[in-house]
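Q: Spelled out from the first residue to the last, the chains are:
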Amino acid sequence: MKVLLVDDEQKFVLMLAKRLELRGLQADVSFSGQNALERIERGERFDVAILDVKMPGIGGIELRRRMGLIDPRMKFVFLTGHGSNMDYTLGANEAEDYLPKPLKIDELIETLNRLAEGPQAVPEPGN
Amino acid sequence: MDKTKDWFGYDSLAFFGKVNASISHELKNVMAIISETSGLLSDLSDLASTGKPIAPDMLKSCTGSIMEEIQRGFATIRQMNRFSHSVDNPVQSVNLLDVLEMVIALSEYLSFSAKTNLRSGPGDAPVVLTCPFLLQAVVYQTLVFAYKHTGPEAEFTIFIQPLDDSGWRIIFPGFDVSMFQVFPDVATATMANSIGVAIHCDSVTDRVEMDIPLSIESITALDVSPEIPGTAKPSRSRA
Numbered sequence: 115m116k117v118l119l120v121d122d123e124q125k126f127v128l129m130l131a132k133r134l135e136l137r138g139l140q141a142d143v144s145f146s147g148q149n150a151l152e153r154i155e156r157g158e159r160f161d162v163a164i165l166d167v168k169m170p171g172i173g174g175i176e177l178r179r180r181m182g183l184i185d186p187r188m189k190f191v192f193l194t195g196h197g198s199n200m201d202y203t204l205g206a207n208e209a210e211d212y213l214p215k216p217l218k219i220d221e222l223i224e225t226l227n228r229l230a231e232g233p234q235a236v237p238e239p240g241n
Numbered sequence: 016m017d018k019t020k021d022w023f024g025y026d027s028l029a030f031f032g033k034v035n036a037s038i039s040h041e042l043k044n045v046m047a048i049i050s051e052t053s054g055l056l057s058d059l060s061d062l063a064s065t066g067k068p069i070a071p072d073m074l075k076s077c078t079g080s081i082m083e084e085i086q087r088g089f090a091t092i093r094q095m096n097r098f099s100h101s102v103d104n105p106v107q108s109v110n111l112l113d114v115l116e117m118v119i120a121l122s123e124y125l126s127f128s129a130k131t132n133l134r135s136g137p138g139d140a141p142v143v144l145t146c147p148f149l150l151q152a153v154v155y156q157t158l159v160f161a162y163k164h165t166g167p168e169a170e171f172t173i174f175i176q177p178l179d180d181s182g183w184r185i186i187f188p189g190f191d192v193s194m195f196q197v198f199p200d201v202a203t204a205t206m207a208n209s210i211g212v213a214i215h216c217d218s219v220t221d222r223v224e225m226d227i228p229l230s231i232e233s234i235t236a237l238d239v240s241p242e243i244p245g246t247a248k249p250s251r252s253r254a
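Line by line, the protein sequences are chains A and B.
One gets this note's numbering by counting positions in the first sequence from 1 and adding 114 to each.
One gets this note's numbering by counting positions in the second sequence from 1 and adding 15 to each.
Hints are computed from structural coordinates only; laboratory data are not their basis.
A couple of the hints might just be wrong.
Unchecked claim - Residues from chain B shown here face chain A by an in silico Cβ test under 8 Å; the list is partial: (1) LYS43; (2) ASN44; (3) ALA47; (4) GLU51; (5) THR52; (6) GLY54; (7) LEU55; (8) ASP58; (9) MET82; (10) ILE85; (11) PHE89; (12) SER126; (13) HIS164; (14) THR165; (15) PRO167.
Yeah, the Cβ is synthetic: ideal placement off N, Cα and C, and Gly gets one too.
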């Protein structure tokens, strides 16, 4: 599974990418919505994009809409540090899943496994 | 009756909530990085236990990252604590530079905040007797309006200069005429008015000028004794 992580918190996405790579995923990062969008516009393709909702410039919800227009096959998971009911409803309605920060890697893996629909299930680290 | 208590109405409560939400968001980001980094260390430990070699640089990078984020968290908590205590004394003598520095720091937690510098002219410290909490709210709202217009890539400088015998002027660039149709909004104007702060929107220079009286006592009758820490008095040297 090829995953794109988009978050302006650079350390966060870099660490998360390493953890996903240890579990056998191909994880790539973008530090802004604009950069992520340009990559998709240039033809890069990912199975799942994991997007921070609140980012400077293009936020996660707008990014999801624009990326989805270019590649309708791509699936989306929102990550956010905001915890209001409104944010949750918005996130849950707009993406395949919505996970709060700090996230639990097991929950993310479970979500990615569900999106991969079994055959491409994400293995334990080192396997 | 203590009239100052009436100043902390819904608008100021909304401001308090907004700032606390942005601080908690910042802390969540800090915790998220610590969580992922410690999780990575745990993953690496699991690998090491199976006999796979782990690069020492990787371990060093992880622990360094955790330490940096803990410091970032402490700095955020210090700001939060300072902000929370700003309601302790409804009226007190404050240095405008301190107020602006704190509000700029708080506004940096917003995802759309621009880089903001602060500059003051020579002379005495710009000390005024005011309601610091409401002044913070007015300045914060002004910065939020400016940031929404300039975007996060912008950089601008706020100036403080002596006005005349009666106070100090804070100058905010980063506006334009179109924004003056919506700024100041009713809540900001009401809070500013309640502490005698005059907001001028200058469509020629595209900036907002905020005039702060030397003493709130000159514009409203106080029913409480103002807190004046130490010997600081609201004063400044003439330009």
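Q: Hint by hint, work out which the structure violates, then give me just those numbers in ascending order.
A: Violated hints: 9, 10, 11, 13 and 14; rest satisfied.
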